[in-house]
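Q: Now for the letters of each chain:
Protein chains: 4
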Amino acid sequence: MSESLNVGMIGYAFMGAAHSHAWRTAPRFFDLPLAPRMTALAGRDPERVAAAATKLGWDSSETDWRRLIERDDVDLIDICVPGNLHAEIAIAALEAGKHVLCEKPLANSVEEAEQMTAAAEAAKAKGVYAMCGFSYRRTPALSLAKQLVESGALGPIRHVRAQYLQDWLTDENAPLTWRLDKSLSGSGSLGDIGAHIIDAAQWVAGSSITGVSAIMETFVKERPVGGDFVGLGGVGGSDGPKGPVTVDDAALFTARFDDGAVGVFEATRFALGRKNAMRLEINGAKASLAFDFEDMNSLWFYDSADGPNSGFRKIQATEPEHPYTGNWWPVGHGLGYEHAFTHQVVDLVGAIANGEQPTPSFADALRVQRVLAAVEASAGDESRWTTV
Amino acid sequence: MSESLNVGMIGYAFMGAAHSHAWRTAPRFFDLPLAPRMTALAGRDPERVAAAATKLGWDSSETDWRRLIERDDVDLIDICVPGNLHAEIAIAALEAGKHVLCEKPLANSVEEAEQMTAAAEAAKAKGVYAMCGFSYRRTPALSLAKQLVESGALGPIRHVRAQYLQDWLTDENAPLTWRLDKSLSGSGSLGDIGAHIIDAAQWVAGSSITGVSAIMETFVKERPVGGDFVGLGGVGGSDGPKGPVTVDDAALFTARFDDGAVGVFEATRFALGRKNAMRLEINGAKASLAFDFEDMNSLWFYDSADGPNSGFRKIQATEPEHPYTGNWWPVGHGLGYEHAFTHQVVDLVGAIANGEQPTPSFADALRVQRVLAAVEASAGDESRWTTV
Amino acid sequence: MSESLNVGMIGYAFMGAAHSHAWRTAPRFFDLPLAPRMTALAGRDPERVAAAATKLGWDSSETDWRRLIERDDVDLIDICVPGNLHAEIAIAALEAGKHVLCEKPLANSVEEAEQMTAAAEAAKAKGVYAMCGFSYRRTPALSLAKQLVESGALGPIRHVRAQYLQDWLTDENAPLTWRLDKSLSGSGSLGDIGAHIIDAAQWVAGSSITGVSAIMETFVKERPVGGDFVGLGGVGGSDGPKGPVTVDDAALFTARFDDGAVGVFEATRFALGRKNAMRLEINGAKASLAFDFEDMNSLWFYDSADGPNSGFRKIQATEPEHPYTGNWWPVGHGLGYEHAFTHQVVDLVGAIANGEQPTPSFADALRVQRVLAAVEASAGDESRWTTV
Amino acid sequence: MSESLNVGMIGYAFMGAAHSHAWRTAPRFFDLPLAPRMTALAGRDPERVAAAATKLGWDSSETDWRRLIERDDVDLIDICVPGNLHAEIAIAALEAGKHVLCEKPLANSVEEAEQMTAAAEAAKAKGVYAMCGFSYRRTPALSLAKQLVESGALGPIRHVRAQYLQDWLTDENAPLTWRLDKSLSGSGSLGDIGAHIIDAAQWVAGSSITGVSAIMETFVKERPVGGDFVGLGGVGGSDGPKGPVTVDDAALFTARFDDGAVGVFEATRFALGRKNAMRLEINGAKASLAFDFEDMNSLWFYDSADGPNSGFRKIQATEPEHPYTGNWWPVGHGLGYEHAFTHQVVDLVGAIANGEQPTPSFADALRVQRVLAAVEASAGDESRWTTV
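Chains as they are written, first to last, in my numbering: chain F, 11 to 398; chain Z, 11 to 398; chain H, 11 to 398; chain X, 11 to 398.
Bear in mind the hints are in silico, worked out from the structure with no lab data behind them. Heads up, a few of these hints could be off.
Identical copies go unnamed one by one, so any copy, or any two together, can satisfy a pair.
As the list claims (entries may be wrong) - Derived SDA-like pairs: lysine to any residue, alpha-carbon spacing no greater than 20 angstroms straight-line:
{"#": "1", "residue 1": "231", "residue 2": "289"}
{"#": "2", "residue 1": "231", "residue 2": "267"}
{"#": "3", "residue 1": "252", "residue 2": "160"}
{"#": "4", "residue 1": "65", "residue 2": "16"}
{"#": "5", "residue 1": "65", "residue 2": "337"}
{"#": "6", "residue 1": "136", "residue 2": "268"}
{"#": "7", "residue 1": "65", "residue 2": "38"}
{"#": "8", "residue 1": "192", "residue 2": "13"}
{"#": "9", "residue 1": "252", "residue 2": "67"}
{"#": "10", "residue 1": "65", "residue 2": "24"}
{"#": "11", "residue 1": "65", "residue 2": "227"}
{"#": "12", "residue 1": "252", "residue 2": "191"}
{"#": "13", "residue 1": "65", "residue 2": "47"}
{"#": "14", "residue 1": "136", "residue 2": "157"}
{"#": "15", "residue 1": "65", "residue 2": "40"}
{"#": "16", "residue 1": "65", "residue 2": "13"}
{"#": "17", "residue 1": "296", "residue 2": "315"}
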């Protein structure tokens with residue numbers, strides 16, 4: 011029987027549900043070197059957090075995250091709350107000797123992210139690890155993309171083309187949720203979904219963004235307050251009071267990478283008809299690849315070595331040889347959104363057991379944060395080229 | 011707190027893993043009127059079944075399915091073993107007053123399926139229910155297809171076009187597993203995957219197949235024995251002893267439905283490059299729809315009412331309004347293969363709690379079995395038209 | 011300056027326009043060994059045929075096809091009239107020493123097709139050639155498919171899957187045109203579009219259909235008469251008199267090939283939403299290919315030699331190395347429907363200049379005709395297996 | 011019989027072949043109010059231009075474009091030569107009272123374009139018209155896109171997403187052709203293909219770009235000289251002498267439109283695997299549309315009015331009701347690249363006959379030129395925001 015890894019999680023909304031599923035499911039499909047135990051869930055409202063704990067499978071609940079960190083029977087803190095709380099919680103947890111899994115974006119500012127990274131470095135020296143939850147890295151098709159680039163299959167990279175297109179704010183009466191409040195979320199489409207494609211692009215391409223030129227836009231300046239939150243979009247109304255949207259609806263930027271590639275990035279929640287089009291295309295001198303989360307089990311791969319009969323191959327990334335998929339179903343039996351969270355748990359637990367740094371580290375996430383900051387700076391300065 | 015529903019499952023291979031995940035997961039995302047408890051898992055080998063029980067989350071294990079049925083703390087028997095055992099187990103369980111969930115195809119012969127249906131009818135009179143596991147019905151996009159047909163959107167149906175294309179037997183050295191042994195599996199591609207498209211076609215179209223004309227083919231007559239089973243395909247070898255393949259590699263048939271529609275069906279494991287292409291297209295006089303499991307979160311819908319600007323719409327069947335999906339993730343965050351099993355549990359538990367017949371009933375599955383038999387009869391009689 | 015090849019064409023509807031374009035265009039993009047001259051166009055109505063000749067680019071017109079054949083300044087007769095006239099015209103032309111290009115299907119019966127083939131054989135001995143217009147063979151992507159099969163890339167073929175899906179008869183008030191009158195057209199969807207996929211399947215696969223089992227259906231038994239003909243569908247009306255539809259609306263059949271492959275074929279004009287889905291998929295033991303005319307510039311090719319990263323490649327069949335395309339535009343600048351007719355002219359003129367038999371010969375077309383007859387026979391005899 | 015419109019064309023490479031085809035073909039499929047006559051072709055080499063005239067269907071040839079303009083029997087000058095010659099020829103022709111069709115981009119500088127526009131305005135006052143050859147406007151699917159936006163179907167536009175991706179320069183040994191010489195072509199990917207998406211975006215969206223922020227890149231600085239030109243790419247060699255590439259390989263920019271929309275544009279010849287991916291997506295508040303030239307007969311249209319069952323519709327833009335397509339083939343029988351040129355001739359001839367300004371006018375093309383200049387200026391000034 012493996013030793014257990016006792017987990018305490020903070021927050022139980024969308025991300026909390028996804029993380030809970032991952033903790034429950036990982037040991038059922040993968041052989042883990044440590045047995046995760048879902049020890050405690052923390053939230054502010056005692057009744058709601060207790061109900062959530064029962065529903066999601068946690069053994070107990072806490073109403074103060076500080077108390078969770080103090081518990082001796084908790085080894086790892088899983089942070090699923092808005093970005094404004096990340097730094098305080100993560101640093102406290104690391105200082106208390108708890109491993110940390112923190113949702114992305116790492117923080118609401120570069121400064122916070124730097125402090126978190128420093129705390130993570132200090133903790134690492136004591137065998138305590140921190141990881142940031144850029145879960146899309148663990149989507150099998152994107153992991154396969156990373157492997158192909160690493161293998162040298164693409165040759166020198168010329169172009170990176172990344173989009174994260176959603177449409178849930180197109181309706182002008184969609185309500186003002188925390189995601190539209192800069193003090194809580196840090197930014198809008200940029201940090202929420204732009205961060206994902208920045209991380210994915212740098213990780214898959216194996217290079218770093220060195221500078222950006224950006225524009226940002228808020229199409230709808232005011233939205234109804236007080237609507238119940240349902241899914242991402244919530245339910246608002248056109249007649250009630252409105253409050254200001256303080257974040258961006260869309261962020262667009264061009265970029266250069268340290269290997270000479272150029273890139274285009276676009277994050278928006280106003281691309282009507284695109285529901286979760288997290289897309290990445292990379293063109294190399296020898297081969298290209300393309301991914302779209304709306305068809306998440308496929309990776310498109312073009313290999314010029316195929317000669318005149320080259321063409322983008324639709325690889326179903328569900329073969330036993332592909333990352334993670336051998337532990338699930340036969341080929342062609344697709345996985346879903348939440349599987350990436352399960353794989354995140356698998357890799358995190360494996361790294362902790364092996365005494366290795368899980369990835370993305372806080373330092374990796376800080377690199378994303380610096381790009382986010384450069385985008386905001388450029389957008390605020392006539393799109394001037396801004397180095398990262 | 012809801013009353014519990016104590017489940018005993020038999021078999022723990024591919025289907026056992028999928029069903030276990032469903033029992034574990036359903037109460038985490040859906041509000042169930044009864045709380046499923048994973049009471050016991052049955053298998054022949056004591057060590058392997060005990061290990062599987064631990065891995066998959068069952069409280070205990072049994073080495074004789076009869077013993078499982080005898081247990082007072084078991085309310086429902088979930089049958090995940092090859093088809094040759096379905097009839098005996100299901101009938102015994104129903105007679106013992108246990109609800110039954112039985113994998114498809116219902117049986118290896120119409121005779122067995124009739125006996126099972128009779129047992130289910132008798133049990134139903136006592137408030138005990140039986141359901142057959144045609145899980146694809148609970149894939150949201152296919153459920154949405156069913157809703158669209160039921161709403162009258164398609165008008166009179168002209169064509170049904172169904173394919174289930176896999177390729178895992180293309181390699182002549184793929185090993186001789188139980189799925190290729192008629193005494194265990196009943197048939198090959200016909201019962202394994204053909205059954206799924208027959209059920210899906212009749213269910214979505216809302217009509218019944220009245221006759222068929224068929225051909226069946228076994229391309230590779232002998233295969234290596236003794237290979238370890240891995241995934242669906244297993245690992246064989248070209249040098250060892252070989253044994254006869256006693257089932258069909260492919261089954262193709264034309265069909266007529268009781269509403270005047272005509273159909274074409276094809277099931278094969280030799281469609282190289284098609285991994286799990288479970289496809290259904292229905293053309294009505296007013297609208298059409300098309301589905302392919304390789305892109306399982308989409309339903310294509312063509313509505314002639316859109317006029318000259320009609321075109322097949324790629325509906326992402328992940329909206330809150332769509333079947334099942336509101337309980338999962340935001341729109342565009344796709345589900346995977348196993349979610350259909352979770353939905354199957356949700357609907358089964360709901361039906362039992364409400365004292366309603368869950369669907370597909372054994373009688374529904376018997377209708378599929380009769381089509382399978384007609385296909386085999388026609389293929390054995392010069393493709394002559396054979397009524398169902 | 012090349013010698014000229016003087017062409018006389020009969021008929022100037024849909025096919026006449028396509029053929030005229032081909033005769034006009036072929037010498038502009040290809041170097042032809044003979045210079046086609048558009049000498050005369052024949053039709054029944056003097057005014058309409060004269061106007062058509064001017065519009066389509068013919069030097070003169072005739073009102074009797076017999077007169078066209080008698081003209082010394084005509085070397086080749088291009089037959090673009092309904093099938094009931096093919097045999098008489100083609101045989102007369104061949105006997106008069108004129109080369110013949112005859113639209114498909116070759117004839118309205120096997121008997122006629124045999125007579126035509128005999129006339130073609132006799133003419134060939136005198137250096138006079140006959141060709142049947144299965145134009146889809148000259149769509150570059152399908153020609154590339156043929157090359158791939160011939161190269162051995164696919165290995166032994168297991169499955170042929172062919173569909174020709176249109177929807178222009180879905181409307182019950184579409185008018186009764188000549189295509190729905192068996193005495194003129196010979197059959198409905200079977201001969202009109204089914205013939206295309208039968209020819210394409212046998213040609214690309216490089217094998218012959220040996221037997222079939224079929225069903226045919228006429229969904230709408232009566233249609234309005236007297237509507238003006240517009241496009242394929244015409245304009246009818248719901249209130250006027252109606253006449254009987256004497257041909258099939260849909261033809262579906264299974265087939266076996268002489269190399270052991272099995273096939274499924276479906277031709278219909280009731281597949282709502284499918285406009286011109288002429289599709290062919292072939293699964294071999296080593297590779298597969300798939301084509302859909304609705305995306306006519308692409309060929310999908312799956313090569314198992316690509317290993318775990320295999321996937322259907324979308325080859326844009328517009329490379330200089332691909333059949334015909336080097337004479338047109340740069341890669342990715344797609345061709346259209348009519349280009350196949352231009353390529354047909356190129357190959358026909360080349361064969362005549364070289365004293366070689368152009369393909370498909372009448373004998374090739376007779377093989378298709380025999381399949382059509384077998385399909386009708388099987389459909390009329392309880393779908394019984396019918397050898398070709 | 012219609013009056014004739016006598017055409018003289020200059021240049022006979024790729025564009026010359028496309029324009030010749032259009033002049034030959036337009037009157038065969040469309041009823042034109044003036045009958046185009048292909049009077050003369052001009053080029054520098056007497057033998058080659060004479061041979062080209064014969065091949066392409068021109069009645070005579072000239073070796074000096076000035077002589078062509080002087081001819082009384084020429085009514086319209088069609089300019090198919092590199093951009094450095096556009097201004098001089100077009101202005102001379104207009105001043106001589108000849109209508110002008112000029113290939114895009116209009117000129118190699120804003121200054122030239124302004125002079126040309128002034129000349130066009132002056133000529134227009136005398137009933138002489140000038141048009142710029144942004145042919146993609148006449149691709150039926152893009153024309154349909156324009157109609158949909160004009161109808162108000164999209165509502166306020168939020169996003170424009172335009173790409174023109176090719177890959178024919180990925181090979182470092184592709185030769186140094188005139189397209190890579192700034193003195194002849196003006197710019198690289200920016201003017202050649204970027205101009206197309208700028209024009210298409212502004213035209214379809216019905217709004218103007220007000221400012222841009224850009225980066226441009228030349229990945230391969232030197233290329234082999236003296237290679238034979240084949241297709242777009244030519245045939246070079248790795249051993250011979252090399253010369254400098256003086257244009258951009260890729261141009262990327264963000265943009266704002268005068269209606270509040272934001273845009274992303276990318277033009278490159280290094281997107282390996284993308285052959286002619288001229289793409290445009292527009293997201294409105296009510297509907298969205300998307301186009302990709304690699305599937306040129308389709309327009310994707312998302313209408314939020316379709317409710318929860320909304321999805322991008324794949325409209326086959328080949329219906330009789332769609333722009334231009336009723337004059338060609340039945341629905342689903344796709345058109346090719348060159349058809350847009352034929353449609354351009356149809357519209358140009360119609361406008362001249364009606365005494366109306368054909369579009370795009372030189373003034374429209376000047377608007378594109380100003381955007382090109384702003385992109386270059388921004389790219390040369392740290393990507394700073396540059397107003398148009």
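Q: Next, verify each hint and record whether it holds.
A: Each hint tested on the structure:
1. When the C-alpha separation of residue 231 and residue 289 is checked against a cutoff of 20 angstroms, the pair qualifies neither within a copy, at 27 angstroms, nor between copies, at 30 angstroms.
2. Taking the shortest alpha-carbon separations for residue 231 and residue 267, only the inter-copy value of 18 angstroms comes in at or below 20 angstroms, while the best intra-copy value is 33 angstroms.
3. Proximity of residue 252 to residue 160 under the C-alpha cut-off of 20 angstroms is found in neither arrangement, the shortest distances being 49 angstroms within a copy and 32 angstroms between copies.
4. In this assembly of identical chains, the alpha carbons of residue 65 and residue 16 lie at most 20 angstroms apart whether taken from the same copy (18 angstroms) or from different copies (18 angstroms).
5. Proximity of residue 65 to residue 337 under the C-alpha cut-off of 20 angstroms is restricted to the inter-copy arrangement: shortest distance 13 angstroms between copies versus 26 angstroms within a copy.
6. Taking the shortest alpha-carbon separations for residue 136 and residue 268, neither the intra-copy value of 33 angstroms nor the inter-copy value of 57 angstroms comes in at or below 20 angstroms.
7. Taking the closest pair of Cα atoms, residue 65 and residue 38 come within 20 angstroms of each other both inside a single copy (19 angstroms) and across two copies (6 angstroms).
8. When the C-alpha separation of residue 192 and residue 13 is checked against a cutoff of 20 angstroms, the pair qualifies neither within a copy, at 42 angstroms, nor between copies, at 45 angstroms.
9. Taking the shortest alpha-carbon separations for residue 252 and residue 67, neither the intra-copy value of 37 angstroms nor the inter-copy value of 49 angstroms comes in at or below 20 angstroms.
10. In this homomeric assembly, residue 65 and residue 24 come within 20 angstroms of each other (Cα to Cα) only inside a single copy, at 14 angstroms, whereas the closest approach across copies is 27 angstroms.
11. In this assembly of identical chains, the alpha carbons of residue 65 and residue 227 never lie at most 20 angstroms apart, being 39 angstroms within a copy and 50 angstroms across copies at closest.
12. When the C-alpha separation of residue 252 and residue 191 is checked against a cutoff of 20 angstroms, the pair qualifies only within one copy, where the shortest distance is 13 angstroms, while the shortest distance between copies is 57 angstroms.
13. In this homomeric assembly, residue 65 and residue 47 come within 20 angstroms of each other (Cα to Cα) both inside a single copy, at 15 angstroms, and across copies, at 14 angstroms.
14. In this assembly of identical chains, residue 136 and residue 157 lie within 20 angstroms of each other by CA distance neither inside one copy nor across copies; the values are 31 angstroms within and 58 angstroms between.
15. Proximity of residue 65 and residue 40 under a CA criterion of 20 angstroms is satisfied inter-copy only: 9 angstroms between copies versus 23 angstroms inside one chain copy.
16. In this assembly of identical chains, residue 65 and residue 13 lie within 20 angstroms of each other by CA distance solely across copies; the values are 15 angstroms between and 25 angstroms within a copy.
17. For the homomeric pair residue 296 and residue 315, the shortest alpha-carbon distances inside one copy (7 angstroms) and between copies (19 angstroms) are both at most 20 angstroms.
Hint compliance for this structure: hints 1, 3, 6, 8, 9, 11 and 14 are broken, all remaining hints hold.
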